[in-house]
Amino acid sequence: MPLFSVSSVTYDVPGRRLIEGLTLEIPQGGVTALLGCNGSGKSTLLRLLAGQTRPTAGRITYDGRDLADWPIRALARDLAYLPQTTPPAEGMRLQELVALGRYPWRGALGRLRPEDHAAVARAIARCGLSGMTDRLVDTMSGGERQRGWIAMMLAQGARTLLLDEPTSALDIAHQVEVLGLVQTMCRAEGMSAVVVLHDINMAARYCDHVVALTGGQLLLQGPIQTLMQPAALSRIYGLPMQVIHNGGQTLAHPC
Amino acid sequence: MTLTRAILPLALVLAMALWGFTALRLLPWAQWPALPWQVDAMSVPQILLSYGAMPRGAIALLAGAALGLAGALMQAVLRNPLADPTTLGTAAGAQLALVAATIFTPGLLVTSHLPVAFAGSALTTVLVIWLGARRDFAPVTVTIAGLLVGLMAAAIATALTLSQGHYLLSLIMWNGGALTQTDWRGVWRLAACLVPAVILAAVLARPLMALSLGDAQARALGVRLAGLRGATLVLAVALSALVSAELGLIGFVGLAAPALARSLGARSPLQRLMLAPIAGAVILSLADGVLMATASLGGPSLPTGALTGLIGGPLLLWLLPRMTAQVPGRVEQGVQTAGRARQPGRVIGSLALVTLALVLGLLLLGRGPAGWGLVPSALWADFLPLRATALLAAMSAGALLAMAGAVLQRLTANPMAAPEVLGVTGGAALGYAAVVFLLAAPGIMALALGAATGGALALTGLAAYALRHDMAPARLLLAGLAIGALASAVLAAIMASDDRRAWVVLGWMSGTTAQVTPATALALAGLALGILTLLLLAARWLEIMPLGSAVGQALGLPLIWARLALVLLAGLATGAATLLVGPVSFVGLMAPHLARSLGLMRPHHALCGSAVIGAALMGLATFGTRTLSYPYDLPLGLMATLIGAPWLFILLLRK
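Protein chains in written order, with this note's numbering: chain A, 1104 to 1358; chain B, 1397 to 2051.
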């Protein structure tokens, strides 16, 4: 069974159609890259997958069940979403931010039990932030803060992570760090991730599948290898592209 | 399309028809005086026409044009479609200055009201702009700051009016914005200022166009930002002050005219600056025409400003959903983080201890015929129950307002959010006024019920509106302000009705503890504790809320219901406190900020801290009310405002 199955989904905002008649499937396991040029509908699709907005027409199922039928907290226990710009978590310690990830489990009133504290500690450790639990989130560096938010997603105990351009504000070292973390989790623990990315070479290196959009419509879906072809790339970005094979690595750049 | 283009001419024709109808009812066409007029030879209806109705029609056109231009200038320079003399506090500044001048230095007003009005307008506008500059001119924050400064100025003006009551009936008329004229001088003064202002505005159009790209780009294009901003704002404030000085408070024309110009397709600043005055002239003439026609048919004679205020509230609500495209999409940043307390529990504990000590002090300390001193123990049995009742009621009200403020600031992630802006207080004031006017001799229970119903209705309207728009917090604040504006417009009309009962409402609006019974005080205290408990249970919601709706939804928070529940709690708290303190107090704004600056960051700490601080502040205010002008009591709400006003300034000053 596919992780997500999107069938003839259309999404309108007043005066404009952002997604038109989109049908695609995202497989279980591994990292799926969501590519496309600016305004192609990537972020909108991700928000639809996360259940943040409902499609104007069509149906999205997650794990075989219509997204509209998932109770909101049950969905949050299974599916975690990180928006493109993370809000300033003013005056909040890392520990407290990550503990918010237990909300889907305990709700507004339930006390945090030992297993919740364990999940929080594990998530922080997975993201390599163990020494920083008492730091204020707004005093952390960009890369640390991004990992802090990913730790919150992990604390949710979700099987699926949806990340909207998690690397856009990071330098190359932190990009490698964040994407490496996502890849390891998917490989080692059978989780799935859908990541909006702009950098094709990062996508080729860290992702297993690809979905490419243009003008709100599907352009390409399949294993990542189908992406790294000059013809496919030039269709996505409307620009002649060249692909170089260099000792097991595949790199693309504009001609 | 052709229909929208025809709106302006059609409305103008309608306005002129209304004016003509009124004029012809006054005097048949055949008897209209021939030019040149010779006053000695004219009958009374002829004089009423030539020196009353005619200048009134002309001044409606001119004042509307001036306000439209002022609004368009402010919107262009602040890149904010919500800016206008009402929302920036400009008009309220003029009001305060004129009230103060009438009381303290009446000599200043002999020659002209304009310099005084201008000074007041400039002062409040500079304050608001200054605050805006520190928040990158984020439209919602600037608007909220403007309306808060406006509320503050209006509250102080009300207090001054009350303290010198009988001298100031004319000012209350003035507050309503009546367009009645007795000669042509006002028309000539307005016209003489409007013509150069339009020319100046046309000169400013091109640099303002460059500014519409943003500060950095405008500077890169060689625009001198400070000069441009200064010149534009001075012009806009001068126009607004001119109208204030001539006619009084005429709200929201400056908001409506540019909005109309925009919807008629005026895109460039030049087009807007030229079309907005025309739209403003038509809007005000139409409003005034309707009122004149109603009055001439025997209907009530209302001030025009009250009617434009009535239109203004719904207009804000209508504009809000259409705003997204025009507002630069920037995050409204909170106030800079203060240090976080290491042991918040200890901070709250010490706060509580200080408050307790304060309570004891306030109970015993006072001012008597013999000067300052403690209440002698022989008099305890007489004094203390009375004082304790007043103190308990006031402190509970303070805690309620503070909690409402803390919740709203978290809910909207906006540091300027305060219960005053929810519109609850405005609704409560309307309900109170309705009871005062409808019942012959209303008792305290009827009054309380009226105010509570009014507040609840305002809250229901707010919730209904906000639910339709997903309860987006910034919209919620502005919708609340719009409801408040609506309420204050109706109140202004009531005040202008020249009725003794208006004084009852005015007195209540400045807040008093004089009529509190022990039962009321206990009920308020119980309510405060109950709401605190409920809010503490919702602490986890309050922790997630400031992170925005995307995160909240991703974590499985039932966003709409959580927001609705919190708004209702905040509204209940505000409504109950309002009964005692009156509509404006700023305790709800102040207390959460003080709690933050003490390092109380997590929701439950912040809530407890705010509640204690709010209670202490209001306790201090009661002390002020009975000692500052002993042996007379000052209104409690006024005292709280006087404590709160400096706090607003501190907030402005902090980087």
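Keep in mind the hints are simulated off the structure, nothing from the lab.
Mixed in with the good hints, there may be bad ones.
Said to hold, decoys possible - Derived, one-sided and incomplete: chain B residues facing chain A with beta-carbon distance under 7 Å:
no., residue
1, Met1605
2, Ala1606
3, Arg1738
4, Pro1740
5, Trp1937
6, Ile1940
7, Gly1944
8, Leu1951
9, Leu2016
10, Gly2020
11, Arg2022
Since we're looking at a predicted model, the values are computed, not measured.
Glycine included, each C-beta is placed from N, C-alpha and C at the ideal position.
Next item in the hint list is glycine 2020 of chain B. Is there a CB on chain A closer than 7 Å to its CB? violated (32 Å)
Against chain A, is glycine 1944 of chain B within 7 Å by beta-carbon distance? holds (4 Å)
Could you check if arginine 1738 of chain B really has its C-beta closer than 7 Å to a C-beta on chain A? violated (10 Å)
Would the hint on methionine 1605 of chain B be counted as holding, given a Cβ-Cβ threshold of 7 Å to chain A? Because about 25 Å separates methionine 1605 of chain B from the closest Cβ in chain A, which is outside the 7 Å limit, the hint is violated.
Are alanine 1606 of chain B and chain A close enough, Cβ to Cβ, to be under 7 Å, as the hint says? violated (26 Å)
Less than 7 Å between beta-carbons is the criterion; does proline 1740 of chain B satisfy it with respect to chain A? Violated, because the Cβ-Cβ distance from proline 1740 of chain B to chain A comes to roughly 11 Å (cut-off 7 Å).
Per-residue hint verdict: isoleucine 1940 of chain B, partner chain A, C-beta under 7 Å: Since the shortest Cβ distance to chain A is 6 Å, the answer is holds.
Holds or violated: is there a CB of chain A closer than 7 Å to the CB of tryptophan 1937 of chain B? Given a least distance of 5 Å, the restraint on tryptophan 1937 of chain B holds.
Minimum beta-carbon distance criterion (7 Å), arginine 2022 of chain B to chain A: Arginine 2022 of chain B check fails; min Cβ-Cβ to chain A is 38 Å, beyond 7 Å.
Hinted contact leucine 1951 of chain B with chain A - closest CB pair below 7 Å: holds (5 Å)
Was the hint right that leucine 2016 of chain B lines chain A, CB cutoff 7 Å? violated (27 Å)
Consistency with the previously given hints fails for numbers 1, 2, 3, 4, 9, 10 and 11, ordered from lowest to highest.
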